[in-house]
Amino acid sequence: ILNVEQSPQSLHVQEGDSTNFTCSFPSSNFYALHWYRWETAKSPEALFVMTLNGDEKKKGRISATLNTKEGYSYLYIKGSQPEDSATYLCAGFDNFNKFYFGSGTKLNVKP
Amino acid sequence: GAVVSQHPSRVICKSGTSVKIECRSLDFQATTMFWYRQFPKQSLMLMATSNEGSKATYEQGVEKDKFLINHASLTLSTLTVTSAHPEDSSFYICSATARGPSYEQYFGPGTRLTVT
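Sequences listed follow chains A and B, in order. First residue of the first sequence? That's 1 in the numbering used here, and the numbers climb one at a time after it. First residue of the second sequence? That's 1001 in the numbering used here, and the numbers climb one at a time after it.
In isolation and in its complexed conformation, chain B is listed as follows (with noise of 0.2 Å):
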């Protein structure tokens, strides 16, 4: 099957700096990604639809700012937390899909950030 890996793994980082995260389709090209949150025990959250070579798509809530996306070709999307605070403390994960939205996503095994 498809293959998307995300790096890094583990974060950790202090109040105030920015962390990137990667998120590459290995074996395809992925025409949309999709960033997701989770938080302790709940669902993952959509946080933003990402199409290659366009802006993203933030969900309602989401700082755009906040949360900067770049998909900058069709295998790889970065998603950077700016000025992380400690609530942005959270597991995120990204899936990426080469027939659009509708069919199957493919996700990355996710990264664990924690800011202190």
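Isolated chain A, as found in the complex (with noise of 0.2 Å):
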């Protein structure tokens, strides 16, 4: 089992703030990390799916970076927008095929 925990629980920031937080997951039986953005009401979309230690990738305002050695994942978001209020949820693979998701970080950017 791989345990997945994220951090904060929730988070909340002005417009134009740059924000980051943690996803740590035990480095032992790791294969890949996936970060999804959650808004109220919608499905769940893929951010960015990681797996190699010191991986960065960046979609728009937003990135993530992965250190596999240590376990932990940060995602970071530049200049926050209201649009970008949502549950950020990461999820852990291992090499069972197995996904263990976290209990998410409810980010929300007030205008």
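Keep in mind that a hint or two might mislead.
To be verified - Which residues of chain B face chain A? A few of them, derived with a C-beta cut under 8 Å, are:
(1) V1004
(2) F1034
(3) Q1042
(4) S1043
(5) L1044
(6) L1046
(7) Y1103
(8) E1104
(9) Q1105
(10) F1107
(11) G1108
(12) P1109
To be verified - Now the in silico label distances, taken between C-beta atoms and shown as ranges:
(13) Y31/A to L1068/B: 26 to 34 Å
(14) T1114/B to R61/A: 34 to 42 Å
(15) S18/A to K1055/B: 44 to 52 Å
(16) S1018/B to Y76/A: 39 to 47 Å
(17) N97/A to T1080/B: 22 to 30 Å
(18) G1016/B to N95/A: 38 to 46 Å
(19) P1086/B to G79/A: 43 to 51 Å
(20) Q81/A to L1068/B: 42 to 50 Å
(21) E56/A to R1099/B: 16 to 24 Å
(22) S27/A to D1027/B: 34 to 42 Å
(23) S1054/B to S27/A: 28 to 36 Å
(24) G79/A to C1013/B: 40 to 48 Å
Derived by calculation from the structure, the hints in this document are not laboratory data. Note that CB positions come from ideal geometry on N, CA and C, so glycine has one too.
With the hints as a guide, dock the two chains, each given alone in a separate frame, to form the complex.
What follows is the structure, given as structure tokens:
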């Protein structure tokens, strides 16, 4: 079992602030890490899939890094906008083809 | 991007009845589909993984006779909650992938099941 933890549970920022949150997982049996963005009343949307230690991926103002040796991934949002308000989920995929989701970080960006 | 639909979005049923939830990949062939359940204020819990044409793989603690999963085609998987009880009330969501579990998943919008 891959115990995936996310912090913080929730985050309130002002429009224009940059923010980041953490996903931690045990480094043994790790295969891949996924980040999803889940807006209310919509389907979770894939942001990034990362597998290699040191991976960095970027999509617009959102980027993510992966450290498989120490077992964490960071998600960064630069210049947060109200439309970034959502729950951000990470999921660890292990060597036994199992997915484990963290409980999510709920981001609220105030205009 | 790829689209996954789920039907129904909400269903209320009586105790003892069965409910079927459909998950469809609309514009791609899904080699693997996943079924999740979300308890209030908790994360998504993987219930089972299904590959087209083969039996679903259930996670520990998930009763296969209670939650019947059928993945009859590359675009459709169904979850049937048999003899539903109030404790089965939950949010059920499916996801699908075309290239295997280590690639991004495309999620349906979910189904809110209430058993009275």
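Outcome of the hint check:
1. V1004: 7 Å, holds
2. F1034: 7 Å, holds
3. Q1042: 6 Å, holds
4. S1043: 4 Å, holds
5. L1044: 4 Å, holds
6. L1046: Where the cut-off is 8 Å and the nearest Cβ of chain A is about 5 Å from L1046/B, the hint holds.
7. Y1103: 6 Å, holds
8. E1104: 4 Å, holds
9. Q1105: For Q1105/B, the interface hint holds, since the closest Cβ of chain A sits about 7 Å away, which is under 8 Å.
10. F1107: 4 Å, holds
11. G1108: 6 Å, holds
12. P1109: 5 Å, holds
13. Y31/A to L1068/B: 26 to 34 Å: 29 Å Cβ-Cβ, so the 26 to 34 Å window holds.
14. T1114/B to R61/A: 34 to 42 Å: Once the Cβ atoms are compared, 38 Å apart, the range 34 to 42 Å for R61/A and T1114/B holds.
15. S18/A to K1055/B: 44 to 52 Å: 47 Å, holds
16. S1018/B to Y76/A: 39 to 47 Å: 46 Å, holds
17. N97/A to T1080/B: 22 to 30 Å: Distance hint for N97/A, T1080/B holds at roughly 24 Å.
18. G1016/B to N95/A: 38 to 46 Å: 41 Å, holds
19. P1086/B to G79/A: 43 to 51 Å: The hint (43 to 51 Å, Cβ to Cβ) holds, given that P1086/B and G79/A are roughly 46 Å apart.
20. Q81/A to L1068/B: 42 to 50 Å: 43 Å, holds
21. E56/A to R1099/B: 16 to 24 Å: 22 Å, holds
22. S27/A to D1027/B: 34 to 42 Å: 36 Å, holds
23. S1054/B to S27/A: 28 to 36 Å: With a Cβ separation near 31 Å, S1054/B and S27/A satisfy 28 to 36 Å, so the hint holds.
24. G79/A to C1013/B: 40 to 48 Å: 46 Å, holds
Checked against the numbered hints above, the structure violates none of them.
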